[in-house]
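*Asks:* Given next are the chains, with one letter for each unit.
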Amino acid sequence: MRFWRYAAQRLAFLPLQLFIVSVIVFFLVRLLPGDPSYLLAGPFATVERVEEVRTRLGLNQPLHVQYVRYVLSIARGELGTSWVTSRPVLADIAQRLPATMELVLLAVFFCVVIGIPLGVLTAVRKRGIADRLVFGYGLLAGALPDFWFALIVIFVFFYKLGWFPGPVGQLDLTVSMPRHVTGMYALDALLTADWPALRSAVTHLVLPVATLTAIYMPLVMKNTRSTMEDMLGSDFVTYARAAGLSRLMQLRYALRNSLPSVVTIVGILFWFLLGGAVLVETVFAWGGLGQYAVQSVVNSDYAPLQAFVLLTAVFTSVVFLLVDLAYFFLDPRIRA
Amino acid sequence: MTIPTAHFWRFARTQPGFLFGLVVVMVTVFLALLGPWIAPYRPEEALPGQAVLPPNVDHWMGTDISGMDIFSRVIAAPRIDLTIALISTVVAFVGGVVLGVVSGFFAGARGLWALVSNAIMRGADIFQAFPLFIFALALVGFRGPSIQNVIVALAFLNVPFFLRVTRGAVLHVRERPFVDAARCVGGSGLRIAFVHVMPNALTPALANLSPTIGFSILLTSALSFVGAGVPIPTPEWGSMIAIGAPNMMTGQWWTALFPGLALGVTILGYALVGDGLRDYLDPTHRQ
Chain C
1 MRFWRYAAQR
11 LAFLPLQLFI
21 VSVIVFFLVR
31 LLPGDPSYLL
41 AGPFATVERV
51 EEVRTRLGLN
61 QPLHVQYVRY
71 VLSIARGELG
81 TSWVTSRPVL
91 ADIAQRLPAT
101 MELVLLAVFF
111 CVVIGIPLGV
121 LTAVRKRGIA
131 DRLVFGYGLL
141 AGALPDFWFA
151 LIVIFVFFYK
161 LGWFPGPVGQ
171 LDLTVSMPRH
181 VTGMYALDAL
191 LTADWPALRS
201 AVTHLVLPVA
211 TLTAIYMPLV
221 MKNTRSTMED
231 MLGSDFVTYA
241 RAAGLSRLMQ
251 LRYALRNSLP
261 SVVTIVGILF
271 WFLLGGAVLV
281 ETVFAWGGLG
291 QYAVQSVVNS
301 DYAPLQAFVL
311 LTAVFTSVVF
321 LLVDLAYFFL
331 DPRIRA
Chain P
1 MTIPTAHFWR
11 FARTQPGFLF
21 GLVVVMVTVF
31 LALLGPWIAP
41 YRPEEALPGQ
51 AVLPPNVDHW
61 MGTDISGMDI
71 FSRVIAAPRI
81 DLTIALISTV
91 VAFVGGVVLG
101 VVSGFFAGAR
111 GLWALVSNAI
121 MRGADIFQAF
131 PLFIFALALV
141 GFRGPSIQNV
151 IVALAFLNVP
161 FFLRVTRGAV
171 LHVRERPFVD
181 AARCVGGSGL
191 RIAFVHVMPN
201 ALTPALANLS
211 PTIGFSILLT
221 SALSFVGAGV
231 PIPTPEWGSM
241 IAIGAPNMMT
251 GQWWTALFPG
261 LALGVTILGY
271 ALVGDGLRDY
281 LDPTHRQ
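Residue numbers (the numbering used here), protein chains in the order written: chain C, 1 to 336; chain P, 1 to 287.
Derived from the structure by calculation, the hints contain no laboratory data.
Model, not experiment: these values are computed from the prediction.
Mixed in with the good hints, there may be bad ones.
Said to hold, decoys possible - Restricting the straight-line Cα-Cα distance to at most 20 Å, the calculated cross-link-like pairs of lysine to any residue (SDA-like) are:
id : chain 1 : residue 1 : chain 2 : residue 2
1  : C       : Lys160    : P       : Leu268
2  : C       : Lys160    : P       : Asp125
3  : C       : Lys160    : P       : Thr83
4  : C       : Lys126    : C       : Arg252
5  : C       : Lys160    : C       : Asp230
6  : C       : Lys126    : C       : Asp230
7  : C       : Lys160    : P       : Arg13
8  : C       : Lys126    : C       : Leu255
9  : C       : Lys160    : C       : Thr203
10 : C       : Lys126    : C       : Arg247
11 : C       : Lys126    : C       : Leu144
12 : C       : Lys160    : P       : Pro54
13 : C       : Lys126    : C       : Ala243
14 : C       : Lys126    : C       : Ala210
15 : C       : Lys126    : C       : Arg241
16 : C       : Lys126    : C       : Val206
17 : C       : Lys160    : P       : Asn247
18 : C       : Lys126    : C       : Ile114
19 : C       : Lys160    : C       : Ala210
20 : C       : Lys126    : C       : Gln66
21 : C       : Lys126    : C       : Thr238
22 : C       : Lys160    : P       : Pro246
23 : C       : Lys160    : P       : Gly251
24 : C       : Lys126    : C       : Glu229
25 : C       : Lys160    : P       : Trp253
26 : C       : Lys126    : C       : Thr203
27 : C       : Lys126    : C       : Tyr253
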């Protein structure tokens, strides 16, 4: 019961958060020196076109009127037109979002299934060989630029060893796209039993996902280690040991109590991976949202950039909301 | 906050990571001052007929696609990278500490200042909802790629970070007896906050200066890598990696390897200095 009340409270706060995010993005564009209608129309626009954009966007009207128009157009799903692809931004994003999601979700998955066991292991065997190795690795991974690491990975596993395809996107050029179900190529190929496409999609996923996992997994690992360390040293584990419970049971207790904090770090992981994906996508010519955003910056294509920033902020707000709810659900002290 | 020299070195001697970091910091500062002059070739000069040479006696790290000497460019790069990181970090430090002192000192108070305190924290929350690199990209993107705009974006991004650590320290310091004493002799709120509380709450922000510089170097190079930072012929590690990227796929590993190594070692060094300083300044972290 408490859970639902808490969930309702947090959900009620979400629109306010999104409202403020929309205000920030709105002013980011409006407060720039110069006339945004030139920017939004693109560098090759004619004078008439700029005038048209100005009237259409209502840039000659007061700011609050402009803001209301802006929010209404977002609500209708109109995010403007990219002058580079000359398509509605919404269509561009819908086409590219699944590719990015596939990358980020897989990276989160591997960070969690590798990072948590490693964190537990090093917490149990403190100052062992594994602990030292893993500590050094964590230190290194924090310092290595992910986009550079991606290039090294490509050099070794594509150029030298030839185990995986080069950075040419999500599929081989010779393989036809799987039938559209979710937009995530590997998943679609699996669902439609399109084996050649599945093989190609999976081999193309390996290197970018491995890069993201290698760089961002230590985040999960270090957090799990420190939480587990606290838990293993806490009174309830000492009591379990004193009561003669097996080592395995003690570990289970400690792990269960570490869960809320681990869930929080997974939320933060999403936040990091969205940024990391932008760079890794660029290296692997992935064709997802991140690469789209980078191209918009390079081409001064403002409508897509504005939409992308808005989208990531909404996405992280929703992820943090889910994390808070999971935390609440997992920690009986708050729930009770 | 004074650093007794002899004591400091006795501490540093026992910390190999900290020493390594200090060496890295000194080398980057030295290169930022003198790098472009001691470089064997001019860093922006394309040597005719010497494109993509592997490392050899004349070119220790080889040359890139347009025949620029990579070693010269690697040691010339700290000038731009460190300058951007240093300016933006110092600006963020000042802004973050001031906001952190205000929001921490007046947290839980009543009246106008409590509102200000709350507004600062909610503002920080909302700005941090944007993933860091994407926010940097957007700020630079909307303003147009230039060195100035990278500095502005990074300064802006790092404020919430210094704000939070300072606020945390202020919340502890404001409970100490000397603050009550200052209040008893009639000091005004702002005066107590900045004259008595702030100097005693600077340690966490100071310890974070060095890692933040390292992190700002990483963000600068990432922005330059995607073409939204330092423009291309300027020697800068991220843009050098971008120039070398196509070569990595065809086997010329030296073009991107060396600038990336320089970048990684630098970030690691600055992070280790931060860890060491934190342990030194805060005796409870010492073993």
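*Asks:* Hint by hint, work out which the structure violates, then give me just those numbers in ascending order.
*Replies:* Failing hints, ascending: 1, 2, 3, 5, 7, 11, 13, 14, 16, 20, 26.
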